[in-house]
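Peer 1: Spelled out, the chains give:
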Amino acid sequence: QTKGKVYYLVPTLLDEFQTGSVSALEMFLKQVGYEMQTLNADNKTDVQQSQMNDVIALKPAAIILAAVDFNALKPSIEAAMAAGIPVVEFDRQITSTPSSFTSVAGTVEIGYVAAEVVEGLLTKKNGAVKGKVLQVLGDPGDPYTLDIQKGFEEKMAAYPDVKIISLPALGWAADAAGTIVNDQLLANPDIDLIFNHAAHLSVAAAASLEAAGKKPGDVLMLSSNGAPVGLDLIRKGWMQAEVEQPLYAQAAAVAMFMDKIVNKQEIKAGSYDVLGLPSTVTIEAWGPNIKIPGAAITMENIDNPAFWGNLKPPTDTVTSVE
Amino acid sequence: MTSFAPLLVLDDIRKNYGAIEALKSISFTIGKGEVVALLGDNGAGKSTLVKIIAGGLEPTSGRMTFDGRDFLAKSPSEAKAAGIETVYQDLSLATNVDVVANFFMGREITRKVLGMSVLDEKAMEAVVAKALASAGTRIPSLRTKVEHLSGGQRQAIELNRFVHWGGKLVLLDEPFAALGVEQTRRGLEMIRAVANQGIGVVIITHIMQQAFQVADRIVVIRQGVVAGDVATKDTSPDAVVNMITGETLAAAGAAG
Amino acid sequence: MTSFAPLLVLDDIRKNYGAIEALKSISFTIGKGEVVALLGDNGAGKSTLVKIIAGGLEPTSGRMTFDGRDFLAKSPSEAKAAGIETVYQDLSLATNVDVVANFFMGREITRKVLGMSVLDEKAMEAVVAKALASAGTRIPSLRTKVEHLSGGQRQAIELNRFVHWGGKLVLLDEPFAALGVEQTRRGLEMIRAVANQGIGVVIITHIMQQAFQVADRIVVIRQGVVAGDVATKDTSPDAVVNMITGETLAAAGAAG
Amino acid sequence: MNPNTRRALEFVLDNLVWFMLLFVLLVFSIFVPNYFQPGIFANIIEASSVLGVMSIGLALVIIAGHMDLSVESVAALSAMAVGIVFCSAGIGMGVQLTPDWLGVPVSLLIALAVGSAIGAFNGLLIVKLKMNAFIVTLASYIWVRGVVLALSGGRSAQDLAPAIRWFGVQRLLGLPLTAWIAILCFVVFSLIMAKSRFGRHLIIIGGNQNAAFRAGIKVDRILITSFVLAGAIAALAGWLLAIRTSGATANLGMGLLFNAFAAVVIGGVSLKGGVGALPGVYAGVLLLSAINTAINLMGLPATSTQVIHGLLVLAAVLLDTLKLSIRQKLA
Amino acid sequence: MNPNTRRALEFVLDNLVWFMLLFVLLVFSIFVPNYFQPGIFANIIEASSVLGVMSIGLALVIIAGHMDLSVESVAALSAMAVGIVFCSAGIGMGVQLTPDWLGVPVSLLIALAVGSAIGAFNGLLIVKLKMNAFIVTLASYIWVRGVVLALSGGRSAQDLAPAIRWFGVQRLLGLPLTAWIAILCFVVFSLIMAKSRFGRHLIIIGGNQNAAFRAGIKVDRILITSFVLAGAIAALAGWLLAIRTSGATANLGMGLLFNAFAAVVIGGVSLKGGVGALPGVYAGVLLLSAINTAINLMGLPATSTQVIHGLLVLAAVLLDTLKLSIRQKLA
Ligand SMILES: Nc1ncnc2c1ncn2[C@@H]1O[C@H](COP(=O)(O)OP(=O)(O)OP(=O)(O)O)[C@@H](O)[C@H]1O
Ligand SMILES: Nc1ncnc2c1ncn2[C@@H]1O[C@H](COP(=O)(O)OP(=O)(O)OP(=O)(O)O)[C@@H](O)[C@H]1O
Ligand SMILES: [Mg+2]
Ligand SMILES: [Mg+2]
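Chains as they are written, first to last, in my numbering: chain A, 1 to 322; chain B, 1001 to 1256; chain C, 2001 to 2256; chain D, 3001 to 3331; chain E, 4001 to 4331.
Chain A with its partners taken away, still in its complex shape (with noise of 0.2 Å):
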């Protein structure tokens, strides 16, 4: 006996942080009785707005979206609202139309945590926040990728000692990520960090490194994530760090207001608990919205089970809010 059926539009599967959401959402929905379907738009906004249109006339009980792109599925958005179903934004905050509920990381943050970790290990490597940085985003289309960037070069902006190279791996092409880094480290030998928008480049980064005769540790690496690839390789001493986005607290997060939500009861601002990380719900002009802070991932804290990485769901359920 479930309460309804909720469906989550996820915005593509090549990406572990995308195929654990589905995951981690399924269980945790399922533990406060509701049942749950995916649909998966490859990255496509127009795939995704038909398949709001027809989830629409299928009358959910409500809609998770993590939107392929962050405002294009607004005019979707609105019409799932107006015809009384509430719509969830998940890991992709769209700021300009309400919504019922919003359960995000921020990636503009990451970047931030991101230039963080960099500061720290060029500090402890070259006795001062400077050196040359080789940044391999993700596709260059996808606005995901491009608000790390964003966030990471405005904090890095203030080390003008900090050099960043930034190369593109079209369509998240692990081996486009194995060429730049095989091209870069003959014309700049001296770089001293990678940065990898996803942990699946840094494998192919980490296997250019190898195959040039680098030992772990000789270039620093990190990347943004926090996928279980990213958790190998820094066990193995190839990267120095990941940024962690709370995977399990963010779905947990929408799990917990999910009766709130579908029967629009009020969500009140506020701390709340998910999971054992402190969360806050602010009532901003798009509706409810919980923030949940994303952490670096280092070999000091590499086996806190609540790494999402560690691909170990934990194992209290959630309860609704009350």
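In short, the hints are calculated from the structure, not lab data. Just so it is clear, CB atoms sit at the ideal spot from N, CA and C, and this is done for glycine as well.
Label pairs and their in silico Cβ distance ranges:
| # | chain 1 | residue 1 | chain 2 | residue 2 | range |
| --- | --- | --- | --- | --- | --- |
| 1 | A | K59 | E | L4300 | 47 to 53 Å |
| 2 | C | K2122 | E | N4210 | 26 to 32 Å |
| 3 | E | R4171 | A | G33 | 56 to 62 Å |
| 4 | B | A1231 | D | E3010 | 53 to 59 Å |
| 5 | A | R235 | E | F4036 | 37 to 43 Å |
| 6 | E | N4015 | C | D2090 | 35 to 41 Å |
| 7 | C | L2072 | D | D3220 | 47 to 53 Å |
| 8 | D | E3010 | C | G2198 | 47 to 53 Å |
| 9 | A | S23 | E | G4094 | 20 to 26 Å |
| 10 | B | S1003 | C | S2236 | 34 to 40 Å |
| 11 | A | S23 | D | L3009 | 49 to 55 Å |
| 12 | E | T4098 | A | R235 | 23 to 29 Å |
Just some of the chain D residues that point at chain B, by a computed CB distance under 10 Å:
| # | residue |
| --- | --- |
| 13 | A3194 |
| 14 | R3197 |
| 15 | G3199 |
| 16 | R3200 |
| 17 | H3201 |
| 18 | I3203 |
| 19 | I3205 |
| 20 | N3210 |
| 21 | A3212 |
| 22 | K3218 |
| 23 | G3273 |
| 24 | V3275 |
Short, incomplete list of chain E residues facing chain C, as computed with Cβ under 8 Å:
| # | residue |
| --- | --- |
| 25 | K4195 |
| 26 | S4196 |
| 27 | R4197 |
| 28 | R4200 |
| 29 | G4207 |
| 30 | N4208 |
| 31 | N4210 |
| 32 | A4212 |
| 33 | F4213 |
| 34 | G4216 |
| 35 | I4217 |
| 36 | G4274 |
Guided by the hints, dock chains B, C, D and E with the ligands onto chain A, whose structure is given.
Peer 2: Chains B, C, D and E with the ligands alone, transformed into the frame defined by chain A:
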């Protein structure tokens, strides 16, 4: 040399394909209303010459005068505009459309509907039916696609469409190669009828009999040069065969 | 009806293309070492029949006996394996490769190098040079791609390659349509030579003269039925033309 | 076989894709929960408008014996151009025209200009320099998408001017005007292909370009026109896409190309050129859209939808191919 | 023109793509900082090994007059299959064989089996059911990538078994063994195309399939073989890819298809079939790789690299096309 008013004058036409000299120095004249049979061995250069006149191929050098004016067609449509109709040795039909569409290819009849030109299929079909009947060719249906027709049926379409457009000069490159006995007979008659209207005709064939039946004059090309240019009545099939194979050296009527 | 031992017996062959009956009930026999001229108007069904024998087309009904055994080739390679060589009306050359490659298409000569079969270009070139020279066809270079050859040069390649493979039955669909005078003469001689080796030959042509020159027997098809089947020596060109066009009704030697 | 049966069979074969569409709708209606409702059918037609319009241009060049892989990127670029000028949020400049409705013709003009320019570029390279259409338009597919990226910096434009957006909101007989625009395009171009000299020449060129040239048809001009048309029509599709999205994103429309090709082939157009008609293409588009919607509603695991989509499309093409062999059996 | 000049010119034209490669390397060496160093040239050759191997298979089917768009996805799938079995981290199962080196033949076998199976599937549909190669392999391009997704669940495998990874690390004359494998493939298949009956028949089929059929060549069998080969070779490319990235991700190899087509065309293979030779294709691959490397080193804004890449490829193809018209002028 001919008693006809000159229509097309070829003057020292040469054509090289890479290192191969297909035409070495071709000069002769075609008169208005005259039927010239262009004969020659395989690979002598006949089709090459036809393509040059018809605008499908650029000569390496040489000049032509057509109807009194300097002439060099850059494309088949230019040659057509000047009044030159061509039947090619390798057929030029679109096998994916029907007989009617092929017959009228590029010259479709249209009628006005609400101010717009719309294909007039009925009018076209009537014309084709008449033309093919008088040529003695039986075709299952004028709406069959040409890919479903036999070799001779195809050639009949191509041969007969030229008559319909008049023009001033007609180039026929082995037009009867695939035609039946009766169709060939009618085709030869048709050529005479066309020439009698003052249209010049160049016909290429390997059958002596056909050349002697229809031509006023015979021009022989051998290995890219004119090996003979004589009035039909002044020569014999055997003499012409000798010119073609080169057994008598450029005999019977000097070149040019 | 013929004095030759039967090689291929056609029995009530029919072929429909959709609603069109191209062949209605064809029955006749080709003997060993016999040259049969298959005549008929355009669209009579000659090429259709050839394709059925050669394995390129499935008959709607009917049966064939070849060399004493029931026979129905499902593909040209089956027919070839049984000993049937075919020259098609629409040429079957790959214009993107050279003369030698076309001549040996599907039957390349190889030699062993380190245990592997490697094309033996020299051996093949020698064979082709000999074959074409004896056929009287001049080709600039055996290494030119066929797309650069004239219509007659192409046909010469196709016509001459069949001689090389022997076989038991040769089907020639208008093999001289594009050939020059001398080449045709040699082609006709070659056919006789082939037949004298006991190989059966079917030749399709529209030129009476050729048929009477080479054939032992003449079979006429009119609108899909056998309209005449007579020994060459018992008939005349005019009588045959009448059979073809249907002016005398199924005259001169009953069908079958 | 008796002539009546034959005629009935030929009719079914000639319109096979429409029968397939009916069949598929029937099956989905029976087996997929919630499929059978007017809203879903309206969605199918609406969702197919962008793809439908794009397929028309693609079909034209394919019938002419060539190919245009750039249509998807051209649509994206024209959508982005319209988005940047007429959107008020994101990277939109929010240009305001008075009166409001002026935005409609101006935005259309912008879109068509972009599309025709790229179409002309493709056409000139292919026709004048005799480059292969596949490779030229493949390159355009890449660089035009690159221009979208460079123009937008990867960001999106939102909140299209309401006067333009109106076409996506206003409904007539339950369908938004954008869908009606697509239907109108199909009618117009079907008539052009069947009744005009241009259409006839395009088909002849697709069958035998050399024969057409020798017959004095201005092959170059017609081919270039067809590429310009394909570009312009793709741009119109992009305009509709911008309306539908109420803006534009850098990766808008990705994947439409595969569907456009599938629709064109399922619709009975031969990729070898010279064969095909547009009404069938529309049926092909609707068929794909119906399949897509069914996949959305079927509740499959998300990781397997792509496989299923690819295989279903293959099955549809396969059915269409079987037509040929049935027709031969008929003989 | 005197015969010697003509001969010299013909030689340049015949090997134009190699001269283009030299020219491009020269220009980049002069104008792109850090380009001129042995390591970069080694990188160019190394980076082109995956693309190069894939292009061989593609070239074979194109020469035979068909097409295979699925090679990219096939490579991805075989890389993923190898990755899942022989990777020790991520979704890898970390299968251990004793002795270690057994992993090499076994992983190769897995890859080739996957590739041949898909190639056979494509080939059967195209040859036996007479479906169009473009659409069949386009569908395979989609569904095979879908299988990669479904297999991996969107996750990646990493840490390939060292015995296999060895081919990517061990160097001979400055080049990793993977590059030598690619070069070996080019040599072997060039010889097959130029000297064997199979190669000869493939070219004839590409020129006139009907003539080949009538001449008794087993057209069906040869075509299916060529599709199987294309699949198997793509799988080998995938195996190299897995070695290069030391694992596999769900979107591995995306975009390779465009480059493979470009390489094949630049290398002088006609997309109409029947024309082309493999050594030129290798030069085409190196040319593209040289361009890619230059783009990586030039420090362009990320959003504009795609435009530049597209246009550079177009320019290379254009140059190759000019060859034809120069040759005609020569006449
Ligand atoms: N594939 C086909 N589909 C439909 N009809 C066909 C097809 N092939 C041939 N036909 C028809 O069958 C009849 C016989 O054609 P066929 O080619 O056998 O004639 P033919 O005797 O060889 O004529 P020709 O002397 O002109 O070569 C013709 O009416 C032709 O239109
Ligand atoms: N495109 C080409 N490239 C190179 N050589 C060519 C080309 N076209 C024709 N040739 C050569 O030019 C010569 C003349 O060819 P052409 O076709 O004019 O001969 P023809 O007199 O029409 O012969 P046929 O009676 O066989 O039709 C031939 O030797 C032929 O090989
Ligand atoms: Mg000729
Ligand atoms: Mg025939």
